Amino acid sequence: MTTLNPRARGLYRFFAGLGLTLAAGTALADYTWNFPKPVTPIGRDTLSMHNQFMIIITVLFVVVFAIMIYSMLKHRKSVGAQPASFSGPRNALQWFWVLVPFAILLFIDFVLMGIPAFHAVIDMEDTRTRADMVLKVTGLQWKWQYEYPDSGIKFVSTLTTPRAQIEGTEAKGENYLLEVDNEVVLPIGKKVRILLTSTDVIHTWWVPQFGVKRDAIPGFLRETWVRIEEPGVYRGQCAELCGKDHGFMPVVVRAVPEAEYAAWVDKKKTEMAAAAAGSDKAWTKDELMAAGKAAYDKNCAACHQAEGQGIPPAFPALAGSKIVNGPLLSPDGKLIPDSHVDRVMNGKAGTAMQSFKATLSDADLAAIITFERNSFGNKKGDMIQPAQIKALR
Amino acid sequence: MNTATHALDPHGAHAAAPTGILRWLTTTNHKDIGTMYMTFSLLMFFVGGAMILAVRAELFQPGLQLMKPEFFNQLIGVHALVMIFAALMPAATGFANWMIPLMIGAPDMALPRLNNWGFWLLPPAAILLTLPFVLALFGIGDGAVATGWTLYAPLSVQGGIGVDFAIFAIHILGVSSIMGSINIIATILNMRAPGMTLMQMPLFCWGWLVTAVLLIITLPVLAGGVTMLLTDRHFGTHFFDAAGGGDPILFQHLFWFFGHPEVYILLLPVWGLMPHVLSTFTRKPTYGHTAQVWSFIAIGVLGLVVWAHHFLTAGLPVPALLYFMYSTMSISLPLAVLFFCWIATMWRGAMSFETPMLFAVGFIVLFGIAGLTGLVLADVAADAQYHHSYFVVAHFHYALFTGGIMGVMTGVYYWLPKWTGHMYSEKLGKLHFWLTVVSFNLTFMPQFFLGLAGMPRRIPDYALQFAEFNAISTVGSFILGLSQLIFAYNIWRCVKGGEKASDAVWEGTSGLEWELSSPPPHHSWETQPVSKA
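Residue numbers (our numbering), protein chains in the order written: chain A, 596 to 988; chain B, 2 to 534.
Derived from the structure by calculation, the hints contain no laboratory data.
Note that the structure is a prediction, hence the values are computed from the model and not measured.
Where hints are given, some of them may not hold.
Here are the simulated DSS-like cross-link-like pairs (lysine-lysine), alpha carbons at most 27 angstroms apart as the crow flies [unchecked claim]:
#1 A:LYS876 <-> A:LYS863
#2 A:LYS863 <-> A:LYS785
#3 A:LYS669 <-> B:LYS428
#4 A:LYS767 <-> B:LYS431
#5 A:LYS731 <-> A:LYS632
#6 A:LYS669 <-> B:LYS501
#7 A:LYS672 <-> B:LYS501
#8 A:LYS863 <-> A:LYS767
#9 A:LYS952 <-> A:LYS888
#10 A:LYS975 <-> A:LYS943
#11 B:LYS69 <-> A:LYS943
#12 B:LYS431 <-> A:LYS672
#13 A:LYS888 <-> B:LYS69
#14 A:LYS975 <-> A:LYS893
#15 A:LYS929 <-> A:LYS985
#16 B:LYS69 <-> A:LYS893
#17 B:LYS428 <-> A:LYS672
Which bits of chain A does chain B cover? Going by a derived footprint, with three or more residues having C-beta under 8 angstroms, they are [said to hold, decoys possible]:
#18 656 to 665
#19 684 to 698
#20 715 to 724
#21 765 to 778
#22 801 to 810
#23 832 to 843
All C-beta atoms in this analysis are idealised placements derived from N, C-alpha and C, irrespective of residue type, glycine included.
With these hints in hand, go ahead and build the complete structure from the sequences.
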């Protein structure tokens, strides 16, 4: 089932060469015409099954329409054909010939295609057997958050292609729209169980070379698995329309040997510890403003725009906003409902304004809030410390 | 007033019939209403087409050149809604209005006033769908529905006023379609000429009978689903919100319980039409009349129980995946019966290839591609790769453009001489056919490869490896769009005048509708004919 025998391959090339194939190409190796090179067992299975099915439907197409075209050439009025008058099978022999194609189709549907398809489904949905590790993927408008429950690593992965490339004022890079700041790193040869969910709308996590595509649904966990066999960088995209920037939330996975993976885990842990320390120290306003600008551009500017002007009415302006220019906290240091801090931390239900509490660090949240209150013509003059955010969680 | 008394008098009604715009507003004549449906459909075909040409222009090259992603998302969704609800469905209803009474020997539809109302609900619905575009220009709201035509929650819960407009448009369109369906069922069951049993009834009527039943079964479910969406948006319910005990996937079940049969709703009238065209131009009786009737019914029934293959990546349980995979594959059997019968009708006929026959043959071949790719899409594991990608976009355009729209074009060229009494230009018709077929394939064949290479659908900008195929597809789409102007011009010319058509129009026609003059009198079959079948 997983590999084509030589004769099937020859047949495949033959029909592909006819140019009548729907989805097969001039050669299996040329992936312009077919799936990109698969690097997981599911991916390989899917490709070989797809190739077999393409042969089957190509043969069906050619045979059926060859008969039709023969008839169109032979049985035309202009060559003197006389119309017959039959309107159905008239004897046992004709009934036999009528029923044969359906017997063949039945065989194709439920045996030739049905049996490999059955095994492939069972294999793809095998999330029960023990996995070596777990990766939790959360879809957010319009980025992905990854968590490694085993090591406590957690980060957000966002598109890094500059606006200038998208708008055409700058030459497009090699990995245009398929590049991110934080790549997911996974060890090769390990079975990774992937748990998926979302915080806002439905997203779909898709890496074509893994043969895996699964929806991330808010309020539910979905699962799938991969075992990557070759080191490399694999790129995919969100596949379910999820709003304005659906086309701009790529998935980038870097598969590395196990030792390299362990080193990466250590490095990530150190970084996270440094970030956690950030919430306890006292920051100066300049530090917060600088960090805030960087974090704003990454997390907020897609909707509220670089100059805080927003795209009303869906994405309100922050410049001159009543909420941003409202009081920071209540006199006793508590959260005021529907205030600026509340919005940034908890979002607004039923809108694209998501809760950032779960995805951003205390330092980032404090920096963004401070930045917004003192930019775009807003002159509140106040600031909030990461320690205060930590206390509000 | 004199006219009022005249109007009450059935014999004088003719003389007093209003003229000008009032004639069309108040008409209960099935031919007038059929003409209005067809005209509306043609108009909306160009509206929906213009939207998608803007989309294809944006996709001509990587990068954002013409529009913002939010506007792009509005165009793709409204394109689909307009093409499905305002172009394809009204065209099929227009055919039904014109042809069913002529074919079964009835003087009119069973419920003529309902018929008038059914049509006049369409323009307001079309306005509701497109109005948010205009409102946005005046700073009201943020444009039309931007969720794609599928309106998946929670994206649609989050959306702007465009979603509400779309929901109400769907309600109105649904009411219109259900009224049309009731009318068609009532007409077919009660008004057939003596001697025409249900089984002997023309296949076009059969295709529509199954369509009408499907519409009545599924549209209320869609209406319910979008109403739940409306209450989630504005009245605090949580049908599709997990935080309140709901489930976003519930919406997908409700939507596709309608959405999959909808595919057959669009195609069954065309499948019903094909045997008429093939039999005419092969000068040979239809092969397997009864087998085709049972296939229509089987496809209708199976179509109701396969809906979840539209969201196989949503994480359904394994038994459900297997069930939906095998049930979807089994649709290939009744569909194969139809293909078999079409080709067997051609076999040993005496074919000639006037424009309707060309479109019919083009339909069979290209719709074959839709059917075969549908068969592989049913396979759950491979579907994980095809799903949400351009492969699916290509697949369903082979189904709905060649299966639906080219089917409608077949019917238009076939019946236009009967409706107008004039022949259309055969030269222009053939030019239209060849341009359409070539440019259609140029547009959509590359999209199969884009999907396989990994391009997701509904993205306004794409990675560089997808550039060549997208450029080809855009060039094809513009040729395809512009070719349709020939179609419109040919219809216009034919309505205005041209060579007189005979009563039978074509050499090989049979059936009651061809016994009437071309064009038929305003009131036909006032004396019920007797069916010779």
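Against the structure, the hints come out as follows:
1. At most 27 angstroms may separate the alpha-carbon atoms for a hinted pair to count; LYS876 (chain A) and LYS863 (chain A) meet this at roughly 21 angstroms.
2. At roughly 20 angstroms between alpha-carbon atoms, LYS863 (chain A) and LYS785 (chain A) fall within 27 angstroms of each other, so this suggested pair holds.
3. A C-alpha spacing of about 24 angstroms is found between LYS669 (chain A) and LYS428 (chain B), which places the hinted pair at or below 27 angstroms, so the restraint holds.
4. Between LYS767 (chain A) and LYS431 (chain B), the direct Cα distance comes to roughly 44 angstroms. Violation of the 27 angstroms bound is thereby established for this hinted pair.
5. In summary, the hint linking LYS731 (chain A) to LYS632 (chain A) is supported, as the alpha carbons are separated by about 25 angstroms, within the 27 angstroms threshold.
6. Proposed proximity of LYS669 (chain A) and LYS501 (chain B) is contradicted: the alpha carbons are some 31 angstroms apart, above 27 angstroms.
7. Pair hint LYS672 (chain A) plus LYS501 (chain B) holds up; C-alpha atoms about 23 angstroms apart against a cutoff of 27 angstroms.
8. Our distance criterion of 27 angstroms between C-alpha atoms is broken by LYS863 (chain A) and LYS767 (chain A), whose separation comes to about 30 angstroms.
9. Distance restraint check for LYS952 (chain A) and LYS888 (chain A): the Cα-Cα separation of roughly 18 angstroms lies within the 27 angstroms cut-off, and the hinted pair is therefore satisfied.
10. For a cut-off of 27 angstroms, the pair hint linking LYS975 (chain A) to LYS943 (chain A) stands: about 23 angstroms separates their Cα positions.
11. With a CA separation close to 24 angstroms, the supplied pair LYS69 (chain B) and LYS943 (chain A) stays within the 27 angstroms bound.
12. Taken as a hint, the LYS431 (chain B) and LYS672 (chain A) pair is honoured in the structure, with Cα atoms around 18 angstroms apart against an allowance of 27 angstroms.
13. For the suggested pair LYS888 (chain A) and LYS69 (chain B), the alpha carbons sit about 24 angstroms apart, so the restraint of at most 27 angstroms is met.
14. Simply put, LYS975 (chain A) and LYS893 (chain A) have alpha-carbon atoms about 23 angstroms apart, close enough for the 27 angstroms limit, and the pair holds.
15. As the CA atoms of LYS929 (chain A) and LYS985 (chain A) are separated by approximately 12 angstroms, the hinted pair is consistent with the 27 angstroms bound.
16. Straight-line distance between C-alpha atoms of LYS69 (chain B) and LYS893 (chain A) comes to about 19 angstroms, which keeps the hinted pair within the 27 angstroms bound.
17. This hinted pair checks out: LYS428 (chain B) and LYS672 (chain A) have alpha carbons roughly 19 angstroms apart, not beyond 27 angstroms.
18. Under the rule that three or more residues need a Cβ within less than 8 angstroms of chain B, the assignment of the segment 656 to 665 of chain A holds, with 5 such residues.
19. Only residues whose beta carbon comes within less than 8 angstroms of a beta carbon in chain B count, and the segment 684 to 698 of chain A has 3; three or more means the coverage holds.
20. Counting residues of the segment 715 to 724 of chain A whose CB lies closer than 8 angstroms to any CB of chain B gives 6, so the stated coverage by that chain holds, three being the minimum.
21. Judged by the Cβ-Cβ criterion of 8 angstroms, the segment 765 to 778 of chain A is covered by chain B as claimed, because 6 of its residues qualify and three suffice.
22. Check on the segment 801 to 810 of chain A: 7 of its residues sit with their Cβ under 8 angstroms from a Cβ of chain B, so the three-residue criterion for coverage holds.
23. Counting residues of the segment 832 to 843 of chain A whose beta carbon lies closer than 8 angstroms to any beta carbon of chain B gives 12, which reaches the threshold of three, so the coverage claim holds.
Hints 4, 6 and 8 from the earlier list are contradicted by this structure; the remaining hints agree with it.
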